[in-house]
Structures are given as C-alpha cells and as structure tokens.
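*Asks:* Hey, can you work out the whole structure from these sequences and the hints?
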Amino acid sequence: NMALVHDAKGCVVVHSDDPNGIQRLNQEAAKGMRAAWEAGMKVDRADVVRWLTLNPARALGIDKVTGSLEPGKNADVVIWSGDPFSVYAKAERVFIDGALQYDRSDPTRQPRRDFTTGLNSGTATFLKGTGTATPSISSKNDPVKVPVPIKKVAVPLSAPAGPTIALTNARILTVSGPAIERGTVLISAGKIAAIGANVTVPAGATVIDAAGKIITPGWIESSTNIGIVEIGLSADGTADQITTDKDLSAAFNVVDAFNPFSTVIPVTRVEGITRAVVAPGGTGNVILGQAAVFDLGGEQVPGSITKAPAAMFAVLGEAGAALAGGSRASAILRLREALQDAIDFNLNRAAWNAAQRRDYARGRLDLEALRPVIRGEIPLAIQAHRASDMLAAIRLAEEFKLRLVLLGAAEGWMIAHELARKNIPVVVKPLTNIPSFEALSASLENAARLQQAGVTLVLSSFDTHNARNLRQEAGNAVSYGLDRDAALRAVTLTPARVWGIADRAGSLEIGKDADLVVWSGDPFEPTTAAERVFIRGREMSKDTRHKALFERYRTLPR
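Position one of the sequence shown corresponds to residue 15 (the numbering used here), numbered consecutively onward.
A couple of the hints might just be wrong.
Beta-carbon label-pair distances, calculated as ranges [stated by the list, open to error]:
hint, residue 1, residue 2, range
1, G54, D259, 24 to 32 Å
2, A336, G54, 46 to 54 Å
3, V63, D517, 46 to 54 Å
4, C25, D111, 18 to 26 Å
5, V215, D259, 49 to 57 Å
6, S30, L347, 34 to 42 Å
Listed next, the in silico BS3-like pairs over lysine-lysine satisfying Cα-Cα at most 27 Å (straight line) [what the hints assert, rightly or not]:
hint, residue 1, residue 2
7, K23, K104
8, K87, K23
9, K556, K227
10, K415, K436
11, K45, K104
12, K321, K436
13, K561, K45
14, K415, K56
15, K556, K45
16, K227, K45
17, K23, K45
18, K56, K45
Since the hints were derived computationally from the structure, they do not count as laboratory data. No residue lacks a Cβ here, since even glycine has one placed at the ideal position from N, Cα and C.
*Replies:* In structure tokens, the structure reads:
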C-alpha cells in the first residue's frame with residue numbers, strides 16, 4: 015500500500031494506532047520498503063525516510079518548522095546506533111527543539127513511568143537494552159563452523175509422494191546443531207533425506223541454488239486463532255474462537271472449526287511461519303479449551319493436524335478474575351474445582367454413571383477432556399502476567415502434579431530463577447512494555463532475562479492477523495539482549511519440544527518433516543524476505559490476499 019501510494023506520487027505517511035507499533039515506525043516503514051522491492055517497484059531509503067519525517071510534517075501543515083534537517087527549522091534530531099531500518103538499531107539520542115530529551119547512555123534522560131513509582135528498587139529500575147547494535151545471523155565469522163556429518167535416511171514407502179528437491183550452497187542453521195556453510199538440504203517424500211556440506215544430489219532431483227541465502231527450520235507460532243478467525247469482533251460466519259455455550263469449557267476444541275483456506279494463513283506463511291498452535295479464544299470460563307498444532311500447508315483436517323490436543327488453555331490474572339466473579343482468588347478456586355472434579359470423575363466413572371457420585375461443577379464432556387491434563391499427557395497452559403499470578407499457577411500445578419506452561423508472563427523476569435529451577439516453559443510476547451496494573455514491571459528485556467536465567471523460552475506474537483510479525487518480535491528481543499541463537503530456538507525447536515511435536519518439526523534433521531525457509535538475509539531483519547517456504551516438502555505459493563489486492567490496484571488510472 016505504501017509503495018502504491020508512493021508510485022502514484024502520493025504523500026505516504028507511516029503511522030500506527032498500536033501502542034507498541036508506534037514505538038517502531040521505522041520498522042513498519044522498513045517492511046513497506048521490502049514489500050516494494052519484492053514487487054519490483056523503485057523505492058529508495060531516502061524516500062522511506064521521508065515517509066516518516068517530511069511527509070507527515072506536510073500532512074499536518076508543520077513542514078515549515080520540522081520534518082527535515084534544514085537551516086532555520088526546529089532542531090528535531092535523532093542519532094541512531096545504526097541503520098534506522100534495522101531491527102537492531104536504537105535511538106541513542108533525541109533532540110526536540112534543540113534540547114536533548116533522551117540519551118540512552120544517561121539514566122537521568124530516560125523515560126520515567128509514574129506506573130512504577132513506589133515499587134521496590136529492583137523492579138522499578140529502568141531497564142536499558144543490552145543487545146548488540148548490529149548482530150548478523152548471516153555472519154561468516156561465527157565461532158562454530160563444524161559441518162554436520164552427512165547422513166542418509168531410508169524414506170518409508172508409505173510416505174506421501176513428493177518431489178525430490180536439493181537446496182544447495184546455502185548457509186544452513188539447523189538449530190539442533192552447528193551452522194553448515196555452503197551446505198545442501200535434500201528433500202524427498204516430504205522429509206529431510208540428507209543434510210550436510212557434501213551431500214550427493216541424486217539424479218533427477220530438482221536443484222535450487224541457494225548461494226548467499228540462509229535456510230532455517232520453519233517457524234512455529236505458539237498462541238494464535240489463525241484458521242478459526244477471519245474477521246474479529248465475531249462477524250457472522252467468520253469467528254469460531256469463542257463459544258457462549260455455558261456447558262462447554264475444557265471440551266471446547268478448535269479442530270473442527272479450523273479452516274486451512276483462511277486468507278490469514280498465506281499472509282502468515284509468507285513470513286516463514288509453517289506451523290501454529292491454534293488456541294480457543296474463550297468459553298466464559300477460566301478454562302478456555304483445547305489447543306491443537308496445525309501445519310499451514312493448506313490441507314484439510316485431519317491432514318493438517320500435527321497434534322491434537324496439544325494443550326489445555328486456561329486464564330488467570332485480571333482476565334481470569336473477570337470470568338470468575340471478579341477476584342483472582344475465585345479464578346484459582348474455579349480452576350482447582352474443575353481439576354478436583356476431573357480426578358474424582360475419572361477415578362469413579364462407573365459410580366458416576368450409576369448416579370452414585372456427587373454432582374460436578376462441569377459436565378461429562380469437560381471432565382473427560384481434562385483427563386489427559388491430570389494424567390500429565392498434555393500441559394495446562396495458563397495465561398498470567400503478574401508475578402504473583404504466575405506463582406499461584408505454579409502452586410496449583412504442583413498441587414495436582416500437572417505439566418505447566420505459562421503464557422504471556424510479562425513480569426516473568428522477576429521470578430526467572432524460580433521458573434528455571436522448576437523447569438517451567440514460558441511463552442512471551444517480546445514487544446510487551448506498556449505498563450498496566452496487571453504488569454507494572456513489563457520490560458522489553460523480559461525474554462533476554464528469562465533466557466539468561468535458564469528458563470525454557472518460547473516467543474509468540476499472541477496474535478492472529480499479525481502473527482506474521484513473529485520475526486519482528488524475535489528480532490526486537492535480540493536487540494534488547496536475547497542471544498540470537500536462543501531467539502531462533504525460541505521460535506523453532508523449543509516450541510516444538512514444549513508442544514510435543516519435536517519428532518516432526520522445529521529443526522533441520524534427517525527424517526523430520528521438510529518444513530524450512532530460504533531467507534534473503536538475516537531472518538530477524540524487516541527488510542529480509544522469506545524467498546521460499548516449504549511445508550512437508552512442498553513449496554508454498556507466495557500468493558496472498560494482500561498481493562492480490564496490490565496487483566488489482568496497481569494498474570488503476572491515475
């Protein structure tokens with residue numbers, strides 16, 4: 015859209031209605047620049063800088079005093095640590111009307127939050143990012159360069175038919191092992207058949223030269239409504255993430271509502287996301303229902319299912335309290351009640367069938383759905399942000415000997431060592447720094463601090479239509495101190511392990527599904543493109559609704 019307006023000589027202005035997006039207008043503009051390049055349109059960096067500076071000044075009628083660096087204009091100046099369109103770049107100093115208003119190196123000239131006033135000093139300290147200004151995942155100087163040994167695998171005769179494809183001469187980030195320079199990935203029958211620096215390509219294989227490219231596993235989005243929501247706000251026939259059936263909570267299962275032809279899926283897929291944990295959005299109860307893992311290859315259920323159920327989702331904190339009478343205590347009580355009833359029901363099913371047991375708060379369908387949770391077969395994934403809410407969830411999980419995954423965890427860094435000691439996986443949204451009464455200590459360094467403490471870390475957008483921004487989330491986490499390799503693991507192998515699908519996805523290994531992405535450069539950079547995406551060995555089309563609309567309006571009369 016930006017490129018179309020620019021090409022038509024319009025005045026492009028980049029803005030955001032989102033409190034997180036407004037902090038990163040430079041990255042939003044960078045994505046527009048990349049989209050223009052992919053479409054073959056001529057847009058240079060100077061043009062894009064104007065989208066953020068002079069053009070909005072003109073639109074607001076203040077271009078005589080600001081918007082460009084010219085003699086006589088107000089001295090509104092930003093000094094960047096690097097390329098302003100890089101995910102790793104930060105504003106080091108900001109001058110407004112010539113006065114220094116922000117200095118990254120000076121704590122006295124950094125934002126002060128009224129929200130955090132009065133908190134203990136360990137919490138209220140402003141958290142300054144420690145990420146490297148310009149790390150490059152494509153660097154040829156990485157310390158580990160030992161090639162992965164060449165392996166071969168016998169492809170089972172029952173494997174689905176598919177082409178044999180060799181991606182050659184790429185830098186391969188396997189995630190489970192060291193990087194391979196100028197390596198080859200061989201795909202056969204939807205699986206990875208060989209990988210290494212000296213793979214022999216069989217006769218008849220389709221060879222794709224990926225010289226200068228980076229290959230990673232397909233990325234995994236760990237909490238989304240993709241495939242079950244087309245238009246939010248419950249427009250008729252387009253939103254199946256919520257049920258108002260008062261008799262359903264744990265039994266609410268997204269599988270039968272999943273639409274592999276949702277227009278949201280291709281938009282997400284072209285950004286390198288190949289599988290997703292699709293979660294229910296709500297049931298009017300603290301137990302939200304069953305989540306499942308789907309691949310985004312476009313196949314109908316059951317072919318698209320990787321694992322179902324993969325987890326039981328629940329909610330505590332403010333959202334949980336709102337569903338349970340207004341108190342956090344009542345939310346915990348309702349969750350405990352459901353678990354106690356499920357245990358009693360599954361121990362005394364025959365007696366219950368004979369009407370010889372007490373009534374339960376939840377119906378038979380819900381109690382049966384909770385069985386794999388109380389047996390430890392799938393995790394209970396609880397949304398909680400406040401440190402005290404997370405500790406309450408931990409106590410509950412220990413009481414019932416459950417496998418626990420924490421979702422959100424905005425204040426997770428405050429209890430990072432406890433989370434690490436108890437080996438509790440945490441799924442976080444890196445771009446959560448807007449304080450609220452539920453997360454007064456939200457920090458952009460949350461992911462980095464959790465990883466440094468040894469917590470099992472997963473990154474998620476927690477979004478549906480913007481699940482495509484997962485790599486922007488991950489890149490910003492790196493810019494605020496998260497190790498680059500840890501960031502890549504947090505969107506590939508770690509979520510695969512947490513959700514129980516690591517035998518099929520999450521890393522580039524012999525015998526796993528051939529979910530992989532060929533990147534034009536550093537995957538975390540907004541100007542990098544996912545040039546090719548493979549799911550179970552099939553190359554995915556790059557056609558999306560966005561692209562179709564772009565082409566439709568590209569040729570309108572001017």
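*Asks:* Compare the structure with each hint and give your call.
*Replies:* Hints, verified against the model:
1. The given range of 24 to 32 Å is broken by G54 and D259, whose C-beta atoms sit roughly 50 Å from each other.
2. Evaluation of the 46 to 54 Å hint for A336 and G54 yields a pass: the beta carbon distance comes to about 49 Å.
3. Taking the beta carbon of each, V63 and D517 are about 47 Å apart, inside 46 to 54 Å as hinted.
4. For C25 paired with D111, a C-beta distance near 25 Å keeps the hint of 18 to 26 Å intact.
5. Evaluation of the 49 to 57 Å hint for V215 and D259 yields a pass: the beta carbon distance comes to about 55 Å.
6. A hinted range of 34 to 42 Å holds for the C-beta pair S30 and L347, which are about 40 Å apart.
7. The hinted pair formed by K23 and K104 fails the criterion: a straight-line CA distance of about 30 Å is larger than 27 Å.
8. Taking the CA atoms of K87 and K23, the gap is about 25 Å. The hint holds against a cut of 27 Å.
9. A C-alpha spacing of about 18 Å is found between K556 and K227, which places the hinted pair at or below 27 Å, so the restraint holds.
10. Only pairs whose Cα atoms come within 27 Å are accepted, and K415 paired with K436 is accepted, the gap being roughly 12 Å.
11. Annotation: proposed proximity of K45 to K104 holds, straight-line Cα distance about 17 Å (limit 27 Å).
12. Taking the CA atoms of K321 and K436, the gap is near 25 Å; set against the 27 Å cutoff, the hint holds.
13. Proximity of K561 to K45 is assessed by CA-CA distance (about 14 Å); at most 27 Å being required, the pair is judged to hold.
14. Restraint check: the Cα-Cα separation between K415 and K56 comes to about 59 Å, which exceeds 27 Å; the hinted pair is violated.
15. For the given pair, K556 sits about 16 Å from K45 by alpha-carbon distance, which is consistent with the 27 Å threshold.
16. Restraint check for K227 and K45: satisfied, since their Cα atoms lie roughly 19 Å apart, inside the 27 Å limit.
17. Only pairs whose Cα atoms come within 27 Å are accepted, and K23 paired with K45 is accepted, the gap being roughly 19 Å.
18. In summary, the hint linking K56 to K45 is supported, as the alpha carbons are separated by about 14 Å, within the 27 Å threshold.
Violated hints, listed in ascending order, are 1, 7 and 14; each of the other numbered hints is respected by the structure.
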